[in-house]
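**Student:** Spelled out, the chains give:
Protein chains: 4
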Amino acid sequence: MNDRALRHIVVGMGGPANGYLREDGYDIVVASEVMAILCLATGRADLKERLGRIVIGYKSDRVTPVYARDLNAQGAMAAILKDAIKPNLVQTLENNIAIIHGGPFANIAHGCNTVTATKTALKLADYVVTEAGFGADLGAEKFIDIKCRMSGLKPSAVVLVATIRALKFHGNIAKEDLNTENLAALEQGFVNLERHYHNITQHYGLPCVVCINHFTFDTDAEIALLQQKCADLGATCIVSKHWATGGAGAETLAQAIINIVDHREPEFTYVYDENLSLWGKIETIATKLYGASRVTANAKVKAQLAEWDADYGKFPICMAKTQMSFSTNPNAKGAPTGHTVEIREVKLANGAGFIVAIAGDIMTMPGLPKVPAAERIDIDNDGRITGLF
Amino acid sequence: MNDRALRHIVVGMGGPANGYLREDGYDIVVASEVMAILCLATGRADLKERLGRIVIGYKSDRVTPVYARDLNAQGAMAAILKDAIKPNLVQTLENNIAIIHGGPFANIAHGCNTVTATKTALKLADYVVTEAGFGADLGAEKFIDIKCRMSGLKPSAVVLVATIRALKFHGNIAKEDLNTENLAALEQGFVNLERHYHNITQHYGLPCVVCINHFTFDTDAEIALLQQKCADLGATCIVSKHWATGGAGAETLAQAIINIVDHREPEFTYVYDENLSLWGKIETIATKLYGASRVTANAKVKAQLAEWDADYGKFPICMAKTQMSFSTNPNAKGAPTGHTVEIREVKLANGAGFIVAIAGDIMTMPGLPKVPAAERIDIDNDGRITGLF
Amino acid sequence: MNDRALRHIVVGMGGPANGYLREDGYDIVVASEVMAILCLATGRADLKERLGRIVIGYKSDRVTPVYARDLNAQGAMAAILKDAIKPNLVQTLENNIAIIHGGPFANIAHGCNTVTATKTALKLADYVVTEAGFGADLGAEKFIDIKCRMSGLKPSAVVLVATIRALKFHGNIAKEDLNTENLAALEQGFVNLERHYHNITQHYGLPCVVCINHFTFDTDAEIALLQQKCADLGATCIVSKHWATGGAGAETLAQAIINIVDHREPEFTYVYDENLSLWGKIETIATKLYGASRVTANAKVKAQLAEWDADYGKFPICMAKTQMSFSTNPNAKGAPTGHTVEIREVKLANGAGFIVAIAGDIMTMPGLPKVPAAERIDIDNDGRITGLF
Amino acid sequence: MNDRALRHIVVGMGGPANGYLREDGYDIVVASEVMAILCLATGRADLKERLGRIVIGYKSDRVTPVYARDLNAQGAMAAILKDAIKPNLVQTLENNIAIIHGGPFANIAHGCNTVTATKTALKLADYVVTEAGFGADLGAEKFIDIKCRMSGLKPSAVVLVATIRALKFHGNIAKEDLNTENLAALEQGFVNLERHYHNITQHYGLPCVVCINHFTFDTDAEIALLQQKCADLGATCIVSKHWATGGAGAETLAQAIINIVDHREPEFTYVYDENLSLWGKIETIATKLYGASRVTANAKVKAQLAEWDADYGKFPICMAKTQMSFSTNPNAKGAPTGHTVEIREVKLANGAGFIVAIAGDIMTMPGLPKVPAAERIDIDNDGRITGLF
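Chains as they are written, first to last, in this note's numbering: chain A, 1 to 389; chain B, 1 to 389; chain C, 1 to 389; chain D, 1 to 389.
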């Protein structure tokens with residue numbers, strides 16, 4: 001049950017036989033630290049070690065953490081995840097290998113598939129493409145600063161996927177007008193792509209190919225303009241029509257990537273050094289990648305981070321920010337600068353090994369539809385299920 | 001998680017986005033009405049129909065039921081049970097077929113495996129043996145009055161399993177003395193077996209074979225005495241050593257049962273008529289089978305049953321009573337008579353199609369060990385799980 | 001606020017600054033053990049001592065009591081009751097002294113005014129009349145076995161107040177017919193008065209005057225019949241019209257009482273000895289006074305009483321039973337015999353110094369009207385309050 | 001009971017007889033909107049009107065307010081406050097009149113005594129002095145913008161009370177050094193007094209006398225310096241020793257005030273116009289009085305204020321800010337400028353008739369001591385209470 005009524009509950013009522021009363025709550029699976037751990041674990045031993053160091057509460061001094069291992073829970077938890085840790089192989093419609101494995105949120109978690117999936121793929125194929133959730137300010141940043149840093153993975157290149165619709169949206173066009181040609185809006189919104197391209201090449205030190213994810217509404221003039229703007233940046237920009245023609249539609253793109261991967265040595269680097277203070281890491285991400293001029297937080301948040309610097313200071317930061325803008329204001333389109341990033345709350349994910357920093361008013365739990373999806377689901381007498389999608 | 005802290009909870013806290021506050025609670029799977037429904041459903045259509053008529057609450061008039069189907073929940077629930085409803089086939093060490101399917105509690109539910117399992121077995125084998133939980137006052141009674149009545153199953157004979165240890169226990173011997181020969185205690189405790197035998201043959205109208213489930217502690221004199229006592233009743237009594245020698249050890253028993261099944265026509269009958277009032281059904285079970293002289297309940301319980309007579313009057317009763325005695329006093333060994341059965345509480349299981357009557361001080365939820373079983377569970381680096389049993 | 005929503009609550013939510021979560025609840029003042037204590041305390045020192053020994057919970061072993069004095073609460077509690085313990089003097093319309101002081105419930109508490117009020121009155125007047133709540137099976141029994149026993153008070157006589165209406169009601173007449181003459185019903189219902197008279201004279205050893213609390217509906221024939229029936233018992237029976245003519249209307253009654261008090265030495269006795277077991281005391285009350293043939297309780301209740309026998313065995317019992325009948329069935333009019341009294345629950349009131357035994361389905365908390373009384377209350381611009389009654 | 005466990009509770013548990021579950025909480029009396037209402041009400045009719053318009057919740061559309069008058073609660077609430085609304089007269093040690101009446105918090109409420117007290121005093125005396133809680137940025141501002149505006153009161157002059165200790169504290173001296181002469185610190189901290197003086201004379205348009213609340217630690221040099229600094233501002237500055245010599249010690253001060261009141265016509269004005277938007281009012285207070293350069297709030301807070309502008313736009317603002325600084329940072333001593341005031345939360349006090357704006361990390365509920373004050377409270381056998389203070 002995906003029931004929001006379980007988000008905040010009181011448990012243990014009914015007398016001592018039912019334990020002690022406490023406030024508690026359910027997270028959905030993708031928001032659980034266990035999901036982040038599963039995705040970052042390099043093997044069973046590491047999985048168990050990470051599960052064991054989840055902080056599940058504090059002793060009565062309110063300072064000393066209680067770890068899952070203090071409850072001897074890591075063995076049973078790892079046993080439950082016995083099969084979950086194995087990458088599962090699916091195939092595309094053209095019978096190519098694809099691995100779909102792990103699904104941590106891209107805001108309060110790091111938004112990438114599992115380390116075991118990526119490493120397995122690297123042993124099975126000559127070239128491996130993996131996806132990172134949301135824009136490159138969130139997905140790529142976490143892929144690099146969290147997943148690559150923890151696992152030792154080193155990407156060879158980045159494919160920056162853009163749509164002409166989205167760029168026009170960043171040019172401040174209303175949603176209902178996005179399917180109409182608008183060169184001015186495209187030109188205006190291009191600054192968003194430019195900022196991502198700049199971040200990838202300058203701050204991560206990686207070669208980058210721009211992929212235009214084609215829509216039938218895209219006009220020749222728009223495609224030409226976008227390619228011209230990319231060329232001005234020195235960026236390769238390729239129209240990809242895989243949605244229509246499958247593998248063939250992405251062949252040019254693939255060839256371009258292979259060219260880079262085979263012939264260029266990336267000067268790969270993380271956005272921040274692990275020895276920076278936690279607050280310093282947040283400031284670096286916000287100023288370098290988001291274009292912010294300032295990061296603020298109330299005294300409690302700052303004190304918490306300063307306290308964590310002692311024990312968890314080497315942890316990377318997992319930013320929870322809106323995916324709609326480089327800033328924390330979802331309506332600030334394009335490539336905003338000079339804005340303030342307010343860190344509302346910070347959370348320790350000790351098992352995952354990162355600090356979540358919640359920036360701005362982002363919702364960390366998805367809303368639910370007014371009419372439950374369950375109402376449409378049914379099964380007939382022959383066992384055929386309907387209404388799932 | 002089998003966590004007692006979830007037995008009684010408050011959900012929906014944290015404001016209107018999380019719904020309305022309400023008191024709620026988790027049952028363990030075997031105690032859920034969904035388990036009882038799964039076990040009684042004759043097919044997918046019946047499953048869905050039963051799930052849909054679960055009473056999940058009452059309207060603000062506190063009288064009109066709200067059914068699961070009012071929430072359109074039955075389709076999704078049945079979809080989740082898509083595979084669960086299929087009987088699953090396992091095999092014995094001698095490679096015979098066994099079907100293990102469904103596990104409702106034998107106190108607040110009816111304690112038998114699924115109807116689909118029994119019917120499948122009947123199509124696959126010449127003779128089918130099924131087990132009913134606890135003593136024949138609980139297991140056999142519910143098998144007959146609930147499962148057989150609802151599904152149209154008609155048993156041919158009953159195997160009444162007894163151990164010499166248990167009969168001596170009913171002869172009021174301390175647990176630590178049960179492995180020592182004690183003919184007097186065996187004779188005294190025999191009244192318990194006699195009552196069960198009487199119930200089966202007189203009240204259910206079924207032929208009955210007594211099976212002595214052999215222990216190495218059983219002495220020849222004890223076995224001889226028990227067989228003599230059975231003979232006095234006119235009952236076939238066979239020592240079965242399947243625990244030691246497998247199928248061969250039960251062959252005599254099997255042959256005895258086949259003899260009966262093939263040659264005797266049972267005069268099978270339910271213990272009570274479905275047209276009796278709910279209270280009348282409870283009285284019938286208590287006086288005919290338990291030897292009670294009286295059934296009591298407070299005014300609220302009686303009023304509730306009287307009210308249910310209108311809409312649910314044809315439902316059978318699912319008695320929740322201690323399995324330690326024919327009475328509600330677990331220490332009343334043998335075959336007590338003249339006792340009072342107090343019905344503390346009654347519950348409507350509208351989807352399952354029965355009324356649960358809680359008799360005496362029985363616990364309807366199992367306790368949990370002081371040290372969680374989870375602490376012993378572990379998995380090694382090769383994926384081998386340990387500590388499950 | 002007399003708000004039923006406060007009966008059962010969870011407190012301490014919102015994090016450690018707000019303490020530990022626990023289930024708690026509000027009682028109305030008259031149901032509080034503090035009220036019972038205030039009424040039984042013989043002075044400030046005794047008040048403080050009793051407040052200090054209230055059991056407010058149990059240690060984590062679930063057995064060792066935690067007393068209010070362990071929290072040093074008795075001083076502050078007694079300070080709050082500084083003025084409350086002083087009997088407050090009011091006057092009747094004829095300018096006689098009346099003391100109205102203390103109001104414990106007559107079911108879960110002992111239903112009498114304060115010891116300090118009664119003792120003060122005894123120093124101020126030659127004759128003191130005090131009222132005990134409900135019928136003599138509840139009010140008089142608790143007055144004698146709890147209040148007198150604890151305080152050393154010794155009553156000289158009992159005035160048994162009856163109405164012809166109530167006796168006809170015990171003769172099984174419908175409420176709407178009570179104002180019509182019905183000698184047969186009166187005669188039939190007289191057994192109720194007879195039982196009370198018997199209890200008072202035989203079990204408490206006190207002289208008893210019957211007072212007919214006159215109603216205008218009472219017919220001469222009814223009064224004559226009642227007086228005749230009383231005479232047959234050997235009881236003085238006097239019609240009292242104080243409701244109409246004030247003190248003058250009760251003069252004959254007063255004179256009769258004075259006659260007894262001045263000239264007869266009561267052989268006053270408690271209903272049970274303090275050295276009886278707690279269960280024995282309950283049985284004595286139920287069989288001697290209520291006419292019951294049997295007292296039952298589930299194993300948990302019996303075990304609780306047996307456990308309390310060690311530390312609280314000398315405590316009197318405070319029965320919480322319906323005031324509508326000698327039995328626990330409010331519809332059993334007259335003087336029922338042979339009935340069973342079921343003790344559903346027992347509670348320790350260690351500060352008050354008694355054990356509450358809840359018999360049958362009695363409600364220990366009053367219901368609330370559908371329309372809150374507060375809706376009618378108002379105050380005008382001159383400060384005059386309306387709607388209080 | 002001042003029990004923090006009651007701050008956040010769940011009520012209505014235990015089934016429908018106890019109403020609907022909801023999250024609720026207790027405020028301490030001074031934090032209640034009822035206290036603010038009592039203090040602002042101009043009479044019984046106004047009291048009742050204000051109580052009736054308290055917003056107690058919202059309808060299921062989450063937008064339409066439910067008022068206390070919709071529950072018919074205002075009459076009963078006003079009846080309870082029957083006596084509380086009457087100003088209570090006490091006397092000083094010199095037998096002068098003093099009225100102590102009402103005590104709303106000076107952060108989440110307006111921190112002044114009742115309107116009825118002030119108006120009563122104005123009818124009884126030639127000159128009335130009233131106190132406003134905390135510094136003039138909080139107390140005087142709310143006295144003027146809330147209490148005077150609502151009641152039509154017009155002050156004639158302001159006495160700005162300062163201590164040499166406090167000014168040295170604003171000169172950044174440690175607490176333990178405050179009793180030592182330190183002219184440099186006094187001079188440095190004087191900017192705090194200067195800002196208050198400026199606010200009072202320029203923004204409220206009121207004449208202002210500075211009163212040095214004398215301490216024995218004050219040195220002649222310090223007093224001379226302070227008087228010189230005040231003279232430079234054009235401000236009268238008088239040393240007052242009422243703490244030592246009673247009325248005589250304040251006579252010079254009183255005479256100075258009378259001089260002003262009798263001979264100067266104030267150009268009294270509010271700090272902001274009632275027609276400004278709610279956000280505009282907050283900005284005005286923060287920039288004019290606090291010296292802030294910017295006010296921030298998250299989108300939710302701003303949207304809330306904008307929504308309230310329609311129905312409650314004329315309401316004054318009740319700022320909840322630390323009393324330790326002109327800014328929201330309690331450590332920013334002196335007269336900080338250029339700071340940012342963050343509005344964390346806003347609350348509608350519809351009965352009181354103002355909007356509470358919570359600025360910075362202020363605690364709106366006082367903490368409690370580790371050892372409850374109740375532990376020290378006691379009463380002896382003669383009724384003497386000890387340990388209250």
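Treat the hints as calculated values from the structure; they're not laboratory data.
It is possible that part of the hints are untrue.
As the list makes no split between identical chains, a pair holds if one copy fits it or if it spans any two.
[Said to hold, decoys possible] List of simulated lysine-lysine pairs, DSSO-like, C-alpha gap at most 30 Å:
id, residue 1, residue 2
1, Lys229, Lys82
2, Lys370, Lys82
3, Lys347, Lys300
4, Lys241, Lys370
**Student:** Taking 30 Å as the upper bound on the Cα-Cα distance, should Lys241 and Lys370 be classified as within, between, both, or neither?
**Tutor:** So Lys241 and Lys370 fail the 30 Å test inside a copy (36 Å) and across (61 Å) alike.
**Student:** Up to 30 Å between alpha-carbons, please classify Lys347 paired with Lys300: within, between, both or neither.
**Tutor:** Result: close both inside a copy and across copies, 12 Å intra and 22 Å inter.
**Student:** Are the CA atoms of Lys229 and Lys82 at most 30 Å apart within a copy, between copies, both, or neither?
**Tutor:** Intra 50 Å, inter 54 Å, cutoff 30 Å: neither.
**Student:** Should Lys370 paired with Lys82 be assigned to within, between, both, or neither, using CA atoms and 30 Å as the limit?
**Tutor:** Only across copies: Lys370 and Lys82 sit 26 Å apart there, 36 Å inside one copy, limit 30 Å.
Of the numbered hints listed earlier, those contradicted by the structure are 1, 4.
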